[in-house]
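Here the protein sequences line up with chains A and B, keeping their order. Residues in the first sequence are numbered from 55 upward in steps of one, following our numbering. Residues in the second sequence are numbered from 55 upward in steps of one, following our numbering.
In case anyone wonders, no lab produced these hints; they're calculated from the structure. Treat the numbers as computed from the prediction; the structure is a model and nothing was measured. Any given hint could turn out to be false.
Result set (DSSO-like, lysine-lysine): computed pairs, CA atoms no more than 27 Å apart in a straight line [claimed, not checked]: (1) B/Lys101 / A/Lys354; (2) A/Lys101 / B/Lys158; (3) A/Lys221 / A/Lys210; (4) A/Lys158 / B/Lys158; (5) A/Lys158 / B/Lys176.
Some but not every residue of chain A turned toward chain B, in silico, with C-beta under 7 Å [stated by the list, open to error]: (6) Leu68; (7) Ser71; (8) Gly94; (9) Gly119; (10) Phe123; (11) Gly127; (12) Ser131; (13) Met134; (14) Glu150; (15) Tyr152; (16) Leu157; (17) Phe159; (18) Phe178; (19) Thr179.
Here a beta-carbon is modelled for each residue, glycine too, at the ideal position from N, C-alpha and C.
2 protein chains.
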Amino acid sequence: VNFNVSILGSSSALPTSNRYPTAHLVNHDERFFLIDCGEGTQMQLRKNHLPMSKINHIFISHLHGDHVFGLIGFLSSLSMLNRAGEVHIHAHQPLEKYLNDSLKFFDSNLNFKLVFHALSDKGFTMVYEDKKLEIFSFPLLHRIPCCGFLFREKPKLLNLRKDVIEKYDIPNHYRQRIKMGEDFVNVNGDIIKNELLTLPPAAPLSYAFVTDTIYKPYWAKFLADIDLLYHESTFAHDDLKLARQTFHSTAVQAAQMAKLCNAKKLVIGHFSARYSDLSVLQAEAAAIFPNTYLANEGEKHVIN
Amino acid sequence: VNFNVSILGSSSALPTSNRYPTAHLVNHDERFFLIDCGEGTQMQLRKNHLPMSKINHIFISHLHGDHVFGLIGFLSSLSMLNRAGEVHIHAHQPLEKYLNDSLKFFDSNLNFKLVFHALSDKGFTMVYEDKKLEIFSFPLLHRIPCCGFLFREKPKLLNLRKDVIEKYDIPNHYRQRIKMGEDFVNVNGDIIKNELLTLPPAAPLSYAFVTDTIYKPYWAKFLADIDLLYHESTFAHDDLKLARQTFHSTAVQAAQMAKLCNAKKLVIGHFSARYSDLSVLQAEAAAIFPNTYLANEGEKHVIN
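With the rest of the complex left out, here is chain A (with noise of 0.2 Å):
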C-alpha cells in the first residue's frame, strides 16, 4: 500500500520567489487527499504531475487566505477537466456560504457535486473512513478557529505464513477468516489454532497535518507513535515572543512536539518569509529532534 505525502507549499502567508501557500497531497492506497489549498496549488499539483482529478476529499485547516486562495480556482478547473461525482470539502461552515457564493459570483457550474463537512471544534472527531484508512481532526490554537489533521490507517489483517497453508490444506476461501484472526478447522474437525498460522500485521502507519498554531502538547498523547508528523515551524525559537503574539510556533516547539510524540520523523514547514536561510530552522530543530526535514515544494515523503 502506498502512503506518501507531497508537499506543494511551505511558506506562510507571504509566499517567496520558490515557496509557496500552504497545501499537502497525500496518496494513501491511491486515493488521494488535499490538505489546505493556499494560492497556485493546482499549478504545483500539475507541475509535480500528481493526479488532480482524482482528489475526493479537501481538508481546510482554517480560513486565513494562505489556506484557501487557491480553492476556488482548483474547484473551476477540476470542473474543466470534466470531473464528476462528489467533491468533498472539510472546513469550518463559513466557508460553505463564501464558496458557494463565489462560484456563483464567477458563474461556475460545477460539473461535480460539492459536498460540504463542517469542522468540529470539540476535540478528536473522525471525519473521514474507508476499509483502510481513518482521518480525524483536532483543534489547535490559532486567531481563528484551526484544525489539525491524522491520517491513520486501520489495524491491518494478520499475514498469513505461506508454509502453513500446504501443510494444513488450507482451502482459498478460509484464508482471509484466518487472516482477520480465527483458528483453522479442518475437514476432520482438528482445530488449528490461529497463532500457529499467521504472523503479527504490519503496524498501521500515521501521518499527522499540524498548523497553524502555537506549540499545543495536550495533542502528543493522541499522537502517540506517529510516523510522520508535520508541524509548522513559521519561526526560529529567537522570535518566539512573536510565535506567542502571532499564534504560530518556533523549530524548537516543532522538535519538541515531534519527541513527545514518539515520532519516527518529522517535517517543518510554514516558514516565514524574514528567513532566506532556512538551515538555521532545521538545525535547531534537529538538535532536539535529529530525524527532522525541511518541507519543500515537490518534495514527496513516503510514510512506511
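Start from chain A and add chain B according to the hints.
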C-alpha cells in the same frame, strides 16, 4: 523612458504545468500597471523580480476567474509587505462588492486604501492619465462584459538640436519652451524660428491588450499604428467554430487584427491547454503577420 510589458501568464482558463492564467505587468517610465490577475500572479511577479509594491493601478478585463483569482492573494500580500497609500482597481462594477466581501471574510485589513473605478461598457474611455501616458478602455465582445486596454504615450516634446544651443546662446530656462514649440527671441529681439532649433519628437509609443473576445476588427481604427498588440489566440483557426461558440479568437484572427492596425509587433496568448505544441498557432499567425511572437511566462517585450 522605459516602456515594456512582462508576460506573467499566457494560458487560458486551465493552467498547465508551465503556463499560468492571464496577467501582464506594464512598466512605463517606472510606473507599474498590472493587467488582469490570474491565480499565481503574485508568485510570477516575485519569480521574475518585478516590483510588486510599485503597482498603483490594476486593470481587470472581465470577471472570469482566470483573470481575477489571483487578485485577493495579491492584495493581501501587498498589505503584508506594508504597502501604504492607494491602490486603484479598474474593473467592472460587480467586483467592488465581491472584493470587499472577500477581504472581510478573510479578515484582511489592508494597510493601503483600495480605490475602485468601474469600467464603462461604452466605447473608448480614458481610465488613466499622467504627464506622459494615457490609458483607455474599450469594450470587447465576450460572454460577459469585457474590456481591452490601450496604453498610449502622450505626444512628446520636440528635440532641441544640440548644435544650436551654443550658436544662439539659448539660456537654460528657455529650452523647455522651445521643446514645446515656441520660437526663440534673443536679447536683441531677434526671432529664431522653432523649426531651425528643433528636430521632430520621438513618436509616442503604444501597447494594446485585447482578451477575451470574438474577433472585433471594428477596434482596429482606434489602435492604428500600435507598436505592440497583445491579442488573444485561444484557438487555432481549425477550431474557428469553437472560438465563435466560446467568444474567443483564433491565431489567424489575431494576425488579421495586427495587420488591420498596422501593428509593429504582435504577441499572441491565452492559449487553450488543448495545444501541446503552440508552434501551430505561431505559424498560422506569422503567415499573415510575420512579426508574431508567442506569449511566454517571464518574457519582457520592450516597446520602442
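Tested hints:
For the hint pairing lysine 101 of chain B with lysine 354 of chain A, the CA-to-CA distance comes to about 23 Å; that is within 27 Å, so the pair holds. A C-alpha spacing of about 32 Å is found between lysine 101 of chain A and lysine 158 of chain B, which places the hinted pair above 27 Å, so the restraint is violated. Of the pairs offered as hints, the one joining lysine 221 of chain A and lysine 210 of chain A holds, with about 25 Å between alpha carbons and a cut-off of 27 Å not exceeded. Distance check on the hinted pair: lysine 158 of chain A and lysine 158 of chain B sit about 18 Å apart at the alpha-carbon level, within 27 Å; holds.
Pair hint lysine 158 of chain A plus lysine 176 of chain B holds up; C-alpha atoms about 26 Å apart against a cutoff of 27 Å. Proximity of leucine 68 of chain A to chain B holds as hinted, the smallest CB-CB distance being about 5 Å (cut-off 7 Å). Restraint check, serine 71 of chain A versus chain B: the minimum CB separation of about 4 Å is within 7 Å; hint holds. The beta carbon of glycine 94 of chain A is positioned within 7 Å of a beta carbon in chain B (closest approach about 5 Å), and the interface hint is therefore held.
Because the beta carbon of glycine 119 of chain A sits about 5 Å from the nearest beta carbon in chain B, less than 7 Å, this interface hint is met. Taking 7 Å as the C-beta cut-off, the interface hint given for phenylalanine 123 of chain A holds, the closest approach to chain B being about 4 Å. With a cut of 7 Å, the hint placing glycine 127 of chain A at the interface with chain B holds, because the nearest CB-to-CB distance is about 4 Å. For serine 131 of chain A, the suggested interface contact is upheld, since its CB lies about 6 Å from the closest CB of chain B, less than 7 Å.
With its C-beta approaching chain B no nearer than about 5 Å, methionine 134 of chain A sits inside the 7 Å limit, and its interface hint holds. About 12 Å separates the beta-carbon of glutamate 150 of chain A from the nearest beta-carbon of chain B, more than 7 Å, and the hint is not met. Contact between tyrosine 152 of chain A and chain B, as hinted, is supported at the beta carbon level, the nearest pair being about 5 Å apart and thus within 7 Å. At a threshold of 7 Å, the smallest CB-CB gap from leucine 157 of chain A to chain B is about 9 Å, leaving the interface hint violated.
Checking phenylalanine 159 of chain A against chain B by beta carbon gives a least distance of about 5 Å; that is within 7 Å, so the hint holds. Nearest Cβ of chain B to the Cβ of phenylalanine 178 of chain A: about 27 Å, over the 7 Å cut. The hint is violated. Interface hint at threonine 179 of chain A: violated, since its Cβ lies 24 Å from the closest Cβ of chain B, which is beyond the 7 Å cut-off.
Of the numbered hints listed earlier, those contradicted by the structure are 2, 14, 16, 18 and 19.
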